[in-house]
Amino acid sequence: MECVVQGIIEAQHVEALDVLLQGLCEGQREAVKTHEICLKKSLETGTVASELHLLCDLSKRPQIWTVKHIGGAMRGTGAEQLPALVRNIVESKMSNNALRFFYAVGYKMDYELLRDGFAYRFQRAFPITVTVTSVCRLPKQHSIDEATPVTPNIQLVEVTAPATADNFSDVVPAISSFAEHLSPLVNLSKPGSFAGIVSTASTAAASLLSRSDRLEHRV
Amino acid sequence: MGSQSVCLDSRVLHWQPSAGAQVTSQTLVDLFRSIESMNGVRTGRWQITAAQHRPFTRDQAMAIDCAKELLGVAFSEFASKHYFVLRAERMVVEADSSIQAIMEKLQVYRNRLSMVFEGFQYQLGDFQLKAGRAVLSQAENLRGIVLEVEYSPVSSIEKTRQMMQEFVDLWQEAISAQSMSGRISLLEPNFAEYALSDTYTWQHTALQYIFLFAYFLSQSQRA
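Chains A and B supply the protein sequences, listed in that same order. So the first sequence is numbered by the numbering used here: it starts at 1 and just counts up by one. So the second sequence is numbered by the numbering used here: it starts at 1 and just counts up by one.
Just so you know, these hints were derived from the structure itself, not from any lab. Just to be clear, a hint being listed does not mean it is correct.
Claimed, not checked - Quick list of in silico lysine-lysine cross-link-like pairs, BS3-like style, CA-CA up to 25 angstroms: (1) A/LYS93 to A/LYS40; (2) A/LYS108 to A/LYS140; (3) A/LYS108 to A/LYS41; (4) A/LYS93 to B/LYS105; (5) A/LYS68 to A/LYS40; (6) B/LYS68 to A/LYS68; (7) B/LYS105 to A/LYS108; (8) B/LYS105 to A/LYS40; (9) B/LYS68 to A/LYS40; (10) A/LYS93 to A/LYS41; (11) A/LYS68 to A/LYS190; (12) A/LYS140 to A/LYS33; (13) A/LYS68 to B/LYS105; (14) A/LYS68 to A/LYS108; (15) A/LYS41 to B/LYS68; (16) A/LYS41 to B/LYS105; (17) A/LYS108 to B/LYS68; (18) A/LYS33 to A/LYS60.
Fair warning: this is a prediction, and the values are worked out from it, not measured in the lab.
In isolation and in its complexed conformation, chain A is listed as follows (with noise of 0.2 angstroms):
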């Protein structure tokens, strides 16, 4: 399982996020580039309940392909009542074949795409990982080099933590808390219900940098 956080920010904040980021998860940042390629059956009739996605995390050498499978989210009134989605989920690492294996059984590829980007990953009362990601299409099918942002001036975050069925009603607040935190830059809240951009984020991040600059002068 996992509960899950998104929201939007714009392209010009991202410095400024990244700032409030490594003070608040103590300088743990790591790149992001992931050719993500979404995966159904040759033959799908009617609306897919999951899905499946191949990741290949190109930040890597060598490359690591994950393949996830992502379950409906928990429903019923509490679920509905959460501010964080929690949703079931399976991943596992694969040998570079992995897109072939999945051909050979009956998938192909629906959508592919590129996550361009950094994320923060720390230890509260549980993990979480902060991902700041540029969305990109591929103009020609798997042309990474060539991938440009689907919206250039808007960038996507995601607020993760892995979570069971004993302890998700534990993460979701700590995941809310968390998002707290970004709230002067960023409106975080479950993927689906769209919160927008903050309207004083320009405010929130000229005061961050100059902090930051002013910090840096005097070490």
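For chain A, the structure is supplied; the task is to place chain B on it using the hints.
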């Protein structure tokens, strides 16, 4: 792919009885004795499971274009990984063991049958030997006897080929001294055909066990 359990260069062999002879539990006991006669020291048990899956088609009209057979292998000594082999496509895939949960959710294949290889392992100088029986899960009758020879110092298949052959010849002599009716036999897959390199990996071992699994199944169908 994360931490790797140590993979030794390995040859997976089987016991080929002479014409008219049967493979029995006594054959396996005699093979254990042959190893002990060479001063092999028993170090523990081992188990490997191989499974055959077929497409899960509720409605023939909805049959999707996919491989007609999916074979899987899991090793008790490297339980964090799972291996798939698609023979027609000449493919060996390595994945975390969680891939089984994913395949279960996808409901594209269903398990048709499984075979368990299990027995004792021995240390003999630089060689590690496994000897054991092959049985279909939920059944007791013996489908065959598997013998595996692993060699630690190098992992290039070509370099160890002669070393392995010399060892197997010695083992065959020890077996002949016990007047057993049969011989050690090798089914060697063409690793290059499956895009596997000359450096030995768990994928090479997985492919050998799949070949042996298919061989034992075909033998029982002929009987």
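Against the structure, the hints come out as follows:
no.: 1; hint: A/LYS93 to A/LYS40; verdict: holds (19 angstroms)
no.: 2; hint: A/LYS108 to A/LYS140; verdict: holds (16 angstroms)
no.: 3; hint: A/LYS108 to A/LYS41; verdict: holds (6 angstroms)
no.: 4; hint: A/LYS93 to B/LYS105; verdict: holds (17 angstroms)
no.: 5; hint: A/LYS68 to A/LYS40; verdict: holds (13 angstroms)
no.: 6; hint: B/LYS68 to A/LYS68; verdict: holds (24 angstroms)
no.: 7; hint: B/LYS105 to A/LYS108; verdict: holds (17 angstroms)
no.: 8; hint: B/LYS105 to A/LYS40; verdict: holds (13 angstroms)
no.: 9; hint: B/LYS68 to A/LYS40; verdict: holds (19 angstroms)
no.: 10; hint: A/LYS93 to A/LYS41; verdict: holds (20 angstroms)
no.: 11; hint: A/LYS68 to A/LYS190; verdict: holds (20 angstroms)
no.: 12; hint: A/LYS140 to A/LYS33; verdict: holds (18 angstroms)
no.: 13; hint: A/LYS68 to B/LYS105; verdict: holds (12 angstroms)
no.: 14; hint: A/LYS68 to A/LYS108; verdict: holds (15 angstroms)
no.: 15; hint: A/LYS41 to B/LYS68; verdict: holds (15 angstroms)
no.: 16; hint: A/LYS41 to B/LYS105; verdict: holds (13 angstroms)
no.: 17; hint: A/LYS108 to B/LYS68; verdict: holds (17 angstroms)
no.: 18; hint: A/LYS33 to A/LYS60; verdict: holds (9 angstroms)
Checked against the numbered hints given earlier, the structure satisfies every one of them.
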